[in-house]
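A.B. asks: Please take these sequences and the hints and turn them into a complete structure.
There are 2 protein chains.
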Amino acid sequence: MGTITVGFHLLFLIPTIALHAHASSQEAHLTKFLSSKRSRSNISNKIGDPTSFHGGSFLGIASSPRIDGYPSSYHIALKAADKISALPGQPEGVDFDQYGGYVTVDGHNGRALFYYFVESPGNPVTKPLLLWLNGGPGCLSLGFGAMRELGPFRVNRDNQTLTRNNHAWNNVANVVFLESPAGVGFSYSNTSSDYDKMGDPLTAQDTYAFLVNWLDRFPEYKARALYIAGESYAGHYVPQLAATILAHNNNNNNNNNNNTGVILNLKGIFVGNPLLDDAKEERGHHEYLWNHGVISDEVWAEIAGHCNFSDDSVYGDRCYKAITRSQYESEDIDIYNIYAPTCITDNNGSYYSSSQLPGYDTCGEVPTMAYLNLPAVQRAFHARETKWSDCKIFVDFKDSPDSMVPTLKWLIDHGLPVWLFSGDLDSRCPITSTRHAIRDLNLSVTEPWRPWTAGHEIGGYVQQYKGGFAFATVRGAGHTIPTFQPERALILLQSFLKGILPPYEKAK
Amino acid sequence: MGTITVGFHLLFLIPTIALHAHASSQEAHLTKFLSSKRSRSNISNKIGDPTSFHGGSFLGIASSPRIDGYPSSYHIALKAADKISALPGQPEGVDFDQYGGYVTVDGHNGRALFYYFVESPGNPVTKPLLLWLNGGPGCLSLGFGAMRELGPFRVNRDNQTLTRNNHAWNNVANVVFLESPAGVGFSYSNTSSDYDKMGDPLTAQDTYAFLVNWLDRFPEYKARALYIAGESYAGHYVPQLAATILAHNNNNNNNNNNNTGVILNLKGIFVGNPLLDDAKEERGHHEYLWNHGVISDEVWAEIAGHCNFSDDSVYGDRCYKAITRSQYESEDIDIYNIYAPTCITDNNGSYYSSSQLPGYDTCGEVPTMAYLNLPAVQRAFHARETKWSDCKIFVDFKDSPDSMVPTLKWLIDHGLPVWLFSGDLDSRCPITSTRHAIRDLNLSVTEPWRPWTAGHEIGGYVQQYKGGFAFATVRGAGHTIPTFQPERALILLQSFLKGILPPYEKAK
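Top line first, the protein sequences correspond to chains R and E.
FYI, the numbering for the first sequence is 210 to 717, going by this note's numbering.
FYI, the numbering for the second sequence is 210 to 717, going by this note's numbering.
None of these hints come from the bench; they were simulated from the model.
Given the structure is predicted, the values throughout are model-derived calculations rather than measurements.
Worth double-checking, as some hints may not be accurate.
Pairs involving identical chains hold if they fit within one copy or between any two copies, as the list cannot separate such chains.
[Said to hold, decoys possible] Below, a list of computed lysine to aspartate or glutamate pairs in the DMTMM-like style, where the Cα atoms sit at most 20 Å apart:
| # | residue 1 | residue 2 |
| --- | --- | --- |
| 1 | K675 | D506 |
| 2 | K336 | E696 |
| 3 | K715 | D555 |
| 4 | K707 | E696 |
| 5 | K618 | D506 |
| 6 | K292 | D306 |
| 7 | K715 | E540 |
| 8 | K618 | E656 |
| 9 | K715 | E656 |
| 10 | K336 | D304 |
| 11 | K675 | E507 |
| 12 | K530 | E511 |
| 13 | K336 | E429 |
| 14 | K530 | E656 |
| 15 | K336 | D306 |
C.D. replies: Spelled out as structure tokens, the structure:
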């Protein structure tokens with residue numbers, strides 16, 4: 210089972226340094242993972258049965274008074290302690306409040322999740338609350354989401370100072386970045402066997418507990434509109450968390466014996482380049498690679514002719530060989546943005562981008578990781594001092610359903626707005642895979658496919674379906690959309706928060 | 210039949226200015242053209258039967274002593290007259306010779322083709338001769354090929370001065386840019402009814418006549434290795450011209466009564482984003498648009514389910530409607546590079562690019578056309594003073610076969626190296642269409658698909674087939690490959706001229 214975790218990590222971001230050397234083995238792991246899942250029997254939650262996220266043991270966790278054992282009043286003091294006076298090297302004129310700290314999600318085992326919270330400049334009370342989750346499973350919401358995607362700062366090449374990200378999402382929302390699940394980034398458990406139990410159910414349970422407790426610490430947000438966003442493997446996390454919230458809300462509304470009185474004001478979910486369905490992901494991945502000129506005619510013909518992506522059967526030898534060959538043929542490019550330049554390291558350790566892409570630094574991970582590992586920076590965030598990088602490797606990530614389609618359908622049926630979006634240069638969880646999964650939702654179209662604009666350019670395309678479901682693309686974006694197209698990503702977020710499709714302005 | 214020509218023009222380049230306003234009607238014309246071709250019967254050369262390019266009346270044209278009626282000796286004087294002393298505004302230090310002028314291809318009707326010839330700097334006698342043909346049919350090899358793609362100069366924003374193109378193809382070859390057929394650019398006929406007869410056969414005949422006569426003017430190139438290159442609709446021109454040359458060579462070798470003694474030393478053809486097969490083009494175009502997130506699931510499902518691209522049947526109503534809808538959905542982007550910025554014109558006539566793409570000026574057509582319309586520039590080129598822009602519209606372009614696959618197969622069977630290449634961001638004659646056509650060639654693979662590199666990046670992918678056939682992609686390039694990726698295009702050309710696949714260097 211050791212292959213599973215490495216395969217999962219692929220779903221977020223492979224390091225851009227020495228990309229070429231690693232891509233092959235990592236991709237091979239994903240294949241083995243998907244293939245091995247297909248060959249396993251007795252998978253408890255094979256198709257992402259949403260009832261397991263609202264009818265089972267989860268309801269127990271919030272029925273205890275508070276998971277961390279603190280009385281509510283104590284949280285006010287915790288909030289003050291979490292306030293970040295300033296991050297080392299931050300620019301002048303920071304006009305919003307920042308917080309960082311831990312929320313215990315299991316007092317008995319000593320399991321606590323680290324968060325970084327940035328309020329909106331100006332008048333934060335008028336803005337909604339947005340929880341951001343990176344994927345993996347096991348990748349850093351602070352190191353990636355906050356510092357390289359949609360947070361307020363970017364780390365400079367000096368590894369020590371920050372500049373402002375003009376298209377940060379806290380322009381329009383108060384954003385919580387959560388290091389999740391325990392074991393990832395600064396988050397931890399004092400009971401190391403917790404890591405062996407980690408999987409989709411425990412992640413959803415812990416994240417729900419985090420939210421309930423965090424809102425005690427920030428009570429002014431209790432009634433605020435709440436949105437959950439994420440990308441990649443968060444295509445599992447976000448719908449599962451949403452289902453958990455709706456189930457708890459329903460239970461608590463029913464005023465039964467377990468009533469904790471907690472109602473989370475969940476208003477919608479927003480997930481980019483999500484992993485939704487293992488089989489559709491696999492099919493769409495190779496289909497995308499062929500259509501974008503990355504893999505050969507011969508290999509694609511083998512895959513199209515000999516892989517059965519429509520049922521639960523185990524891949525045959527011929528299919529398996531063709532998929533392996535496809536991975537070999539695509540190992541030289543960055544499969545998370547097939548047109549991105551690469552970050553080149555010289556023998557003396559210096560590094561540079563192979564070419565320039567406006568607004569994007571392909572070597573940006575290097576200063577980010579250096580900065581976040583500075584002791585002064587970790588202290589400023591109120592984090593435990595830790596040496597970390599990339600993504601946490603879970604030896605066995607439990608109960609990862611093959612398909613999130615039933616869960617999405619359940620959420621839509623329960624009236625929750627669901628928006629999915631695709632950066633169209635990502636081949637890992639590509640637009641083709643997402644489209645195949647959306648087709649399985651079998652929703653009727655209420656507003657047909659059309660372009661949307663950002664400035665004088667097409668920002669992408671969008672379509673609205675019955676039940677508040679929407680699918681949008683972000684043109685020219687890879688897997689981590691706000692990194693590659695920060696302005697377009699922010700426009701799309703604003704539209705989602707308003708509940709109206711992004712704008713279209715006919716060019717002259 | 211008036212729709213045909215406009216449809217054809219689409220195959221080259223629509224003006225980037227006010228792109229949005231025009232795309233719809235132009236694309237609709239292409240559909241009508243393809244659809245109307247399907248509905249016509251008794252098409253003489255439906256599948257590009259290559260025998261019509263080597264067994265028929267063409268042999269007659271070169272059996273007359275010389276088409277233009279001049280004795281060979283006179284051409285020496287013509288060459289001196291064609292020498293361009295300097296182009297207005299050219300930079301200091303131009304270290305190669307340039308020529309411009311006319312070659313008569315039909316003395317009786319007064320039909321003459323304009324050429325611009327740039328020798329290679331350094332030692333031109335060691336370099337091959339390369340003829341470049343733009344597509345359309347009817348688009349300018351001077352205005353596009355020479356000045357915006359692979360020629361030695363680019364026009365500056367002042368509309369008056371030039372800068373050197375570091376990746377010009379005359380770095381490695383002596384390049385002839387031909388304005389073809391008569392009616393296009395500076396080329397003309399004194400018999401205006403010639404334009405009504407224009408089509409694939411007459412274009413091939415005239416281009417052959419041009420070459421024979423041009424070599425009398427530049428006799429030092431008579432024995433030189435000759436290559437023919439082009440793009441887009443030159444997917445028709447180049448193979449047809451090659452077949453014509455091989456047929457004449459064979460006839461003249463046979464020393465029969467018609468022997469003119471002319472043997473052209475043709476060594477290979479090199480065609481980028483070619484139109485090869487109407488049905489495959491149509492299928493690949495929509496398939497590409499769906500996989501790149503441009504058109505909707507619903508429209509692609511209709512096209513995939515109800516269009517029969519595998520035979521000669523007329524499109525049904527349902528297919529026709531879906532194709533029309535696909536054009537509507539894709540009208541807002543530049544279908545010749547789906548990720549390119551656009552050139553925006555303000556009401557006061559000023560213009561600017563919607564965003565920057567390194568190395569590419571999306572507004573570059575404006576200064577180019579202004580410069581080439583300056584009387585002093587036209588005089589320097591030894592051209593007749595003409596006001597022109599974009600592409601010539603032929604009311605009825607004759608005998609355009611549905612498929613070039615038989616012609617390509619004939620050339621390969623006759624031992625001619627054939628290389629096709631695809632800029633992978635072009636949706637007009639996209640990689641998918643070219644791949645479907647190549648599959649029809651049914652060639653065995655001799656060197657499997659692999660990446661090739663340019664600097665520290667993947668320049669594209671390449672595969673070699675039996676019989677000297679190769680297919681390569683150019684990563685990150687639109688329809689006019691040398692415009693978007695000048696360095697990669699030059700590397701690929703060098704490889705073609707050497708007859709070895711482009712290099713691959715494993716990144717660190």
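A.B. asks: So, for every hint listed, does it hold in this structure?
C.D. replies: For each hint, the structure was consulted:
1. K675 / D506: So K675 and D506 pass the 20 Å test across copies only (16 Å; inside, 38 Å).
2. K336 / E696: within (19 Å within a copy, 48 Å between copies)
3. K715 / D555: Between copies only: 14 Å across, 46 Å inside.
4. K707 / E696: within (17 Å within a copy, 45 Å between copies)
5. K618 / D506: between (36 Å within a copy, 19 Å between copies)
6. K292 / D306: Result: close within a single copy only, 8 Å intra versus 71 Å inter.
7. K715 / E540: between (39 Å within a copy, 11 Å between copies)
8. K618 / E656: Close inside one copy (19 Å), not across copies (47 Å); limit 20 Å.
9. K715 / E656: Within one copy only: 18 Å inside, 47 Å across.
10. K336 / D304: within (15 Å within a copy, 64 Å between copies)
11. K675 / E507: between (40 Å within a copy, 15 Å between copies)
12. K530 / E511: Cα proximity of K530 and E511: one copy only (9 Å, versus 32 Å across).
13. K336 / E429: within (12 Å within a copy, 76 Å between copies)
14. K530 / E656: Only across copies: K530 and E656 sit 19 Å apart there, 42 Å inside one copy, limit 20 Å.
15. K336 / D306: Only inside one copy: K336 and D306 sit 14 Å apart there, 67 Å across copies, limit 20 Å.
Hint compliance for this structure: every hint is met.
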